[in-house]
Amino acid sequence: MSSILNIVNADNVLKLIKEGKRLDGRNLDEFRNLEIKTGVIPSAAGSAWVKLGNTEIIAGIKFAVGSPYPDSPDEGSMSLNLELTGISSPDFFTGPPQIDAIEYGRVADRALRSSEFIDFKKLSIVSGEKVFVIFIDCIAINADGNLIDATEFAALAALLNTKIPILDENNNIGKELSSDSLPIDLNKIPLSITFEKIDNKILIDPTEEEEFTSNTRFSLGLIKDTIVSCQKSKGGSFSEDEINIMIDLAIKKYDSIIKIIKSLI
Amino acid sequence: MSSILNIVNADNVLKLIKEGKRLDGRNLDEFRNLEIKTGVIPSAAGSAWVKLGNTEIIAGIKFAVGSPYPDSPDEGSMSLNLELTGISSPDFFTGPPQIDAIEYGRVADRALRSSEFIDFKKLSIVSGEKVFVIFIDCIAINADGNLIDATEFAALAALLNTKIPILDENNNIGKELSSDSLPIDLNKIPLSITFEKIDNKILIDPTEEEEFTSNTRFSLGLIKDTIVSCQKSKGGSFSEDEINIMIDLAIKKYDSIIKIIKSLI
Amino acid sequence: MSSILNIVNADNVLKLIKEGKRLDGRNLDEFRNLEIKTGVIPSAAGSAWVKLGNTEIIAGIKFAVGSPYPDSPDEGSMSLNLELTGISSPDFFTGPPQIDAIEYGRVADRALRSSEFIDFKKLSIVSGEKVFVIFIDCIAINADGNLIDATEFAALAALLNTKIPILDENNNIGKELSSDSLPIDLNKIPLSITFEKIDNKILIDPTEEEEFTSNTRFSLGLIKDTIVSCQKSKGGSFSEDEINIMIDLAIKKYDSIIKIIKSLI
Amino acid sequence: MTRLDNRQIDQLRPINIKLGVVKSADGSCYLEWGRNIVIATVHGPKPMFPKHLADSTKAVIDYRYRMAPFSVSDRKNPVPGKRDKEISLVSGFALEKAIDLEQFPNTVIDINSIILSADAGTRAAALTAASLACADAGLPMKGLVSAVASGRANGEFVLDLTKDEEDTFDAVDTAIGVLMPQNEIVLMQMDGFVNQKDWKKIISVGVKGAEKVYELQKKAILEKYPLEGDLQ
Amino acid sequence: MTRLDNRQIDQLRPINIKLGVVKSADGSCYLEWGRNIVIATVHGPKPMFPKHLADSTKAVIDYRYRMAPFSVSDRKNPVPGKRDKEISLVSGFALEKAIDLEQFPNTVIDINSIILSADAGTRAAALTAASLACADAGLPMKGLVSAVASGRANGEFVLDLTKDEEDTFDAVDTAIGVLMPQNEIVLMQMDGFVNQKDWKKIISVGVKGAEKVYELQKKAILEKYPLEGDLQ
Amino acid sequence: MTRLDNRQIDQLRPINIKLGVVKSADGSCYLEWGRNIVIATVHGPKPMFPKHLADSTKAVIDYRYRMAPFSVSDRKNPVPGKRDKEISLVSGFALEKAIDLEQFPNTVIDINSIILSADAGTRAAALTAASLACADAGLPMKGLVSAVASGRANGEFVLDLTKDEEDTFDAVDTAIGVLMPQNEIVLMQMDGFVNQKDWKKIISVGVKGAEKVYELQKKAILEKYPLEGDLQ
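Taken in order, these protein sequences are the chains called A, B, C, D, E and F.
Under numbering that gives the first Met the number 0, think of the first position of the first sequence as 0, with each following residue one higher.
Under numbering that gives the first Met the number 0, think of the first position of the second sequence as 0, with each following residue one higher.
Under numbering that gives the first Met the number 0, think of the first position of the third sequence as 0, with each following residue one higher.
Under numbering that gives the first Met the number 0, think of the first position of the fourth sequence as 0, with each following residue one higher.
Under numbering that gives the first Met the number 0, think of the first position of the fifth sequence as 0, with each following residue one higher.
Under numbering that gives the first Met the number 0, think of the first position of the sixth sequence as 0, with each following residue one higher.
One or more of the hints may lead you astray.
[To be verified] Computed list of chain C residues with no C-beta within reach of chain F, every gap over 10 Å:
| id | residue |
| --- | --- |
| 1 | L15 |
| 2 | E18 |
| 3 | G24 |
| 4 | A63 |
| 5 | P72 |
| 6 | E102 |
| 7 | E115 |
| 8 | G173 |
| 9 | I183 |
| 10 | D184 |
| 11 | K200 |
| 12 | T225 |
| 13 | V227 |
| 14 | K231 |
| 15 | S255 |
| 16 | L263 |
[What the hints assert, rightly or not] 30 Å max Cα-Cα, derived DSS-like pairs, lysine-lysine:
| id | chain 1 | residue 1 | chain 2 | residue 2 |
| --- | --- | --- | --- | --- |
| 17 | B | K261 | E | K217 |
| 18 | D | K75 | F | K75 |
| 19 | B | K14 | D | K22 |
| 20 | F | K75 | A | K120 |
For the record, the hints were derived by calculation from the structure and aren't laboratory data.
From the three backbone atoms N, C-alpha and C, an ideal C-beta is built for every residue, glycine too.
Produce the complete structure using the sequences and hints provided.
Written out as structure tokens, the structure is:
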């Protein structure tokens with residue numbers, strides 16, 4: 000992060016991109032290798048360890064019992080939190096969440112939330128009083144670009160791997176997990192797909208060097224060809240055409256990645 | 000605030016004050032022009048926009064349902080908060096309240112509170128359990144001196160303009176406002192009147208330049224000739240005689256200002 | 000704290016220690032004079048003012064009514080907090096607790112807690128719902144070394160001096176104290192005994208100069224010859240033999256100090 | 000087909016702009032947009048402290064979006080939350096291309112927008128006002144950021160949704176900020192559930208809507224600076 | 000007419016002062032005032048960090064008023080609240096005229112007062128003790144700040160109210176700090192409901208009460224510094 | 000006599016070590032210890048900011064022990080608590096003698112350990128992993144810190160307690176960190192209720208257990224650095 004290496008490499012990234020090439024040899028529209036292991040954390044109700052190239056994120060799920068929101072008295076809720084700590088970079092501080100972690104976490108959260116792939120109505124315990132709250136905690140282990148998508152994939156994989164805890168007689172979370180999975184609609188699994196623009200070329204799944212070189216980011220959340228969320232970020236701009244191109248590209252990518260995610264179930 | 004302009008002007012303020020004059024031509028015991036608009040914020044239960052010379056404060060009222068204090072189980076309560084943010088000055092930080100905002104807000108709050116012009120006993124909902132809490136949030140839009148009085152006037156005007164919300168079946172705040180005003184005793188409306196001392200001259204309603212030049216402040220809260228609060232501030236001192244003079248001066252000023260406030264009802 | 004005096008004195012401390020001597024003339028295994036006054040704070044339910052040489056700590060006890068922990072529904076609880084503020088040193092900040100205060104407070108707290116000398120089962124009010132919470136607030140008035148032991152002694156003395164408040168009809172803390180002392184087992188009173196190592200010599204009850212000179216600390220919590228807690232701290236090391244020697248030394252010291260503590264009852 | 004508030008589907012709510020309202024600021028803008036009320040101020044450029052946050056090649060924008068506690072239905076805690084921080088971040092980014100920041104290396108430009116009253120579309124209103132406050136401050140503008148929300152409500156593609164429309168069952172809401180007259184998209188945030196074809200339509204509605212906002216922005220600038228208006 | 004605690008209406012509670020009680024501080028004061036107990040310490044002057052907070056013409060006073068968690072009826076949260084911060088601010092101001100700050104440009108003087116036990120009048124007790132701690136620190140004093148509360152309880156104008164008197168139905172409470180022997184008012188805070196004539200009387204009672212506090216302060220200084228006492 | 004999990008009383012749980020797992024760090028270690036999972040990383044030495052925190056004679060260690068929110072039975076708040084801070088402090092101290100810090104004056108070495116899954120003995124596991132991450136970072140090591148818990152459960156003196164053993168009625172738990180091969184105790188924290196004779200036995204069991212941990216640490220280093228292993 001922000002190391003001298005990035006500055007040196009920015010030059011190389013830029014030179015290659017002019018020829019439509021990338022430092023790691025990928026095509027502009029090619030994702031890095033995606034590896035996912037689930038059930039890696041025995042203490043969690045669900046967990047996943049995602050490697051997207053050299054970027055690594057661990058997601059763990061815990062349940063709590065909370066009050067429902069007044070406008071949805073019969074629905075559980077969820078909360079996604081991304082931690083960028085000193086583990087993954089000397090520049091990340093331990094302490095209050097910094098702005099990058101807030102943005103990345105919120106973009107990943109919106110993709111999951113808007114898709115409505117979890118049926119929160121089935122996570123009510125006592126109508127109007129007690130519901131399940133799903134805590135999705137994501138921790139960056141190695142930061143090499145595209146933390147948004149890696150976070151979203153890790154959260155997804157962990158949720159798909161989750162078992163709901165057994166409640167005790169007072170409707171509190173017990174020590175054991177049941178055999179029940181989360182009420183998930185497998186036809187509505189949302190993916191986050193992130194682009195950067197360098198020298199007017201759009202590239203997918205950026206590395207840290209590419210992010211450092213680029214000044215324009217676009218993230219989409221989608222289910223097949225249904226769009227559920229988006230975020231334009233950083234100081235550059237896109238034309239309407241470029242937005243449309245990225246929409247089409249993201250839709251094309253959905254199938255290959257969702258296959259990897261669904262293979263975990 | 001603390002701009003080079005203030006330093007330059009301090010000299011001029013000082014020169015003029017020796018002749019009993021002020022930079023803006025006012026007499027020492029003269030308030031700036033006071034303009035108040037109420038009902039300016041559709042989302043608030045009451046609101047006011049105060050212009051005192053170039054100083055501008057917006058106050059907005061919201062209600063919440065809370066628990067009463069143990070020693071007054073049948074009384075509602077109120078909380079005044081002043082925000083000095085980057086909006087009104089590059090020197091005000093967004094974030095935790097800084098010491099000026101705390102002091103000004105507390106001085107204004109004490110004037111309102113000690114006067115007992117609101118009958119909090121009529122703001123109980125369920126005895127000992129639920130009461131109305133009145134939140135008075137004041138935001139400085141332009142800071143040109145005497146934020147204490149401007150804040151107090153804005154809070155007052157907003158309270159006089161407030162309608163109590165309708166409660167829903169569970170005694171929670173509903174979306175609509177009733178036609179009921181706050182239970183206010185119009186004979187007990189307190190005003191804050193603030194003085195600064197420059198070169199042993201007492202002046203009323205200081206501008207920012209005057210505040211910058213002065214090292215001694217005195218604020219009074221009063222209802223006609225009844226005193227309800229006071230605050231001496233900054234590093235200078237007053238004689239007992241000077242205090243008595245300011246008390247008399249404040250009482251003289253009460254009528255003209257209360258007329259403006261009451262004209263809003 | 001961290002004054003130039005400490006740097007100068009470090010040299011002298013070191014020279015003397017080579018001859019087995021200390022700057023204040025004590026033997027290596029000798030505590031400073033310990034004076035304790037109890038009942039010094041009329042507003043507290045129990046209090047003590049401890050002077051250990053020039054180190055002075057005031058401890059005050061307050062009760063609150065709280066919920067029991069889920070795994071001990073019939074037990075009260077306690078919380079020890081040490082404040083190192085600007086009162087005792089220009090280097091202690093007022094504000095969030097700094098790391099030294101956290102460590103010293105936790106070491107003192109563990110000695111008290113592990114000893115189980117307070118019968119928390121007798122501090123239940125309504126089984127599973129309401130229990131007494133004992134707040135032990137310790138404030139450093141003068142910091143001249145060994146704040147850990149002085150804090151623990153002050154907390155102990157205050158607890159031994161404490162009267163339980165009378166509850167009102169709603170089981171809230173009333174204004175008056177009863178004549179009931181805390182349910183304390185006088186055979187289980189734990190003492191904290193702290194050592195530093197300088198030039199391979201072990202010394203007990205260090206002054207601030209000695210702490211500044213030393214890079215290795217060891218604190219024991221014990222009841223006669225029963226060990227209830229320990230903490231090794233700072234950047235140096237001990238051999239297993241040295242640990243054993245300190246255990247024996249601490250046990251030897253227990254009687255003389257517990258006599259002073261018990262004389263307060 | 001008209002809407003709950005009788006607007007056409009591609010019609011903006013009434014927008015009322017006044018520049019230079021805050022005397023102590025270098026630039027400012029008061030903006031009413033339907034029931035939204037925003038004030039934006041600009042202070043700077045001024046030297047950046049602490050210095051290690053400065054950029055030696057250009058001015059840094061420090062944009063803060065805030066909601067007054069009384070601007071929403073239930074009183075909002077005045078401490079900025081994650082949503083406020085995220086909106087501040089991406090809105091600050093959106094302003095970067097509108098100002099010639101290279102003219103002021105090692106400085107910071109403080110831009111503050113406060114929502115006094117909220118009724119959907121507050122980030123767009125705040126950004127639109129902030130862009131005008133920058134112009135009012137005499138900053139060297141390359142263009143204006145014109146922002147608006149577009150989306151779907153009750154089966155219609157509509158411009159500039161109200162809170163009631165945001166709460167419909169099929170609502171899609173896309174906030175779009177466009178650098179004008181260059182017509183470049185500098186802000187875009189969306190929540191919803193919509194097929195790609197429809198969403199592209201929504202974006203198109205939004206971009207066209209931003210042009211309407213731009214016309215109003217230009218008009219407001221020309222009103223205050225009749226002789227200098229070089230943005231038309 | 001005497002009071003609940005049998006005092007005359009213009010009589011102070013018993014005050015007990017001891018200087019130099021905190022060995023590590025440059026100056027200190029232990030003060031019992033009725034059931035109030037305060038310790039005040041002074042550290043400095045010392046260089047101010049960070050430097051941009053320093054004043055190149057004089058020393059800056061950093062005064063902190065704190066209440067021990069166990070000093071009041073219900074345990075007080077140790078995190079300073081708005082009341083603590085306000086009292087710290089105005090009390091620090093009150094000390095400025097008592098010390099020749101111009102002798103120490105670019106420095107800070109840390110003054111800390113902690114209330115160990117509270118029974119009304121704590122800000123006055125803390126300020127009185129702080130002023131003595133400054134003298135004990137050998138700072139160049141122009142005078143002492145002598146503080147006390149005066150007010151009304153049960154229809155009487157009384158000096159130095161207790162908590163019980165503060166809680167009477169017609170209570171008025173005015174904290175007054177006077178720079179002595181100059182007789183200048185440097186602190187004044189009031190809450191109540193009282194006509195101007197009566198309040199002027201209360202102020203007068205307070206100023207006279209401060210003189211009584213000053214006599215006790217002088218005595219305490221002379222006890223510790225019998226030869227150097229130039230404040231009588 | 001064996002234990003709940005069939006171990007011998009002086010037997011460690013299975014330990015699985017992998018060095019160099021975090022690409023962006025200067026050194027790193029993944030460690031499974033029974034059901035505990037830890038990752039430790041090292042960044043540095045690098046210049047210390049702010050400078051007044053630097054030590055002109057040696058590198059400063061900034062060690063942070065953290066527990067992932069999902070590592071324990073009830074979700075842990077991600078904000079570090081007093082326990083986290085205390086463990087970070089004493090564990091950082093424990094590493095000081097293991098590294099030749101004098102080689103890097105005015106710098107800081109950031110060492111982070113995060114507990115991903117917790118089942119008793121997490122501070123020992125974290126410290127053991129941190130020490131290996133330092134070696135992996137190529138820091139000039141004087142030795143390794145080998146840490147383990149020893150104690151009593153159900154009347155037996157046992158090495159490396161599990162959570163179930165910690166919860167027995169007579170449990171004593173002593174975390175011990177030993178600088179190896181020097182055999183110096185650099186960390187020791189204990190809670191319990193045990194006579195001195197038994198506790199000395201427990202310490203002895205712990206020190207011997209640390210040697211076993213050291214053997215596993217050496218093995219892991221030799222696996223990754225077969226030619227350079229000068230720690231055997």
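Hint by hint, which ones does this structure get wrong, listed from lowest number up?
6, 7, 12, 13, 14, 17
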